[in-house]
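**Q** Sequence:
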Amino acid sequence: MNAYRAKPLSFPWPPLLYGAAVLLALVLSRLFPIPVSHGHSWMPWLTGGGLILLAVWLDLWAMKTLLDRHTAVLPNRCATCLVTCGPFRFTRNPIYLGYTLLMIGLGLMMLNPWFFIMAIAAVAVTTLFAIRNEERHLLSRFGFEFEIYCRHTTRWI
Numbered sequence: 206m207n208a209y210r211a212k213p214l215s216f217p218w219p220p221l222l223y224g225a226a227v228l229l230a231l232v233l234s235r236l237f238p239i240p241v242s243h244g245h246s247w248m249p250w251l252t253g254g255g256l257i258l259l260a261v262w263l264d265l266w267a268m269k270t271l272l273d274r275h276t277a278v279l280p281n282r283c284a285t286c287l288v289t290c291g292p293f294r295f296t297r298n299p300i301y302l303g304y305t306l307l308m309i310g311l312g313l314m315m316l317n318p319w320f321f322i323m324a325i326a327a328v329a330v331t332t333l334f335a336i337r338n339e340e341r342h343l344l345s346r347f348g349f350e351f352e353i354y355c356r357h358t359t360r361w362i
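Under this note's numbering, the first residue of the sequence shown carries the number 206, and numbering increases by one thereafter.
Source of the hints: derived by calculation from the structure; they are not laboratory data. Model, not experiment: these values are computed from the prediction. Please note that the accuracy of each hint is not assured.
[Claimed, not checked] Between beta-carbon pairs, the in silico distance windows are: (1) PHE295 / ARG337: 15 to 23 Å; (2) GLU352 / LEU228: 32 to 40 Å; (3) TRP247 / PHE216: 36 to 44 Å; (4) ARG356 / TRP250: 37 to 45 Å; (5) LEU228 / PHE349: 39 to 47 Å; (6) SER345 / ILE239: 40 to 48 Å; (7) SER215 / SER246: 40 to 48 Å; (8) PHE349 / GLY255: 18 to 26 Å.
Note that CB positions come from ideal geometry on N, CA and C, so glycine has one too.
Start from the sequences, fold in the hints, and give me the full structure.
**A** Here it is, written out as structure tokens:
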């Protein structure tokens, strides 16, 4: 049996990585504030709120799709089937994309550039340490079917 077949991750790291990125953005904004000229405009707040709503909707849609297909939602559980419908038609990682959009939305609403910087860092760390392991797991479980899916669907957007 392939070592990657049992579980993609030993612990559900991605939610914790994004949570740590949010906390780090808040701490860095206190320690090293980046001045932002906002002109008292409502546009960043409205755009940020829209991105947050989109992020929550995308995460809920992805989770519902996984639950409807009777497969794992948590990234440290074994996948029972390859889900290629719902938001997974457009991106292989809609939940992580939702987390990223949430961070960008918070950054816009709070006028805090550290959220954008930490969102990029969270994407990089999640890709290196979680997504690659998940993809190896899915490749070992579903083989050629997963390869075809990867050719037609991007990792992020």
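**Q** For a quick check of understanding: which of the numbered hints are violated here, in increasing order?
**A** 8
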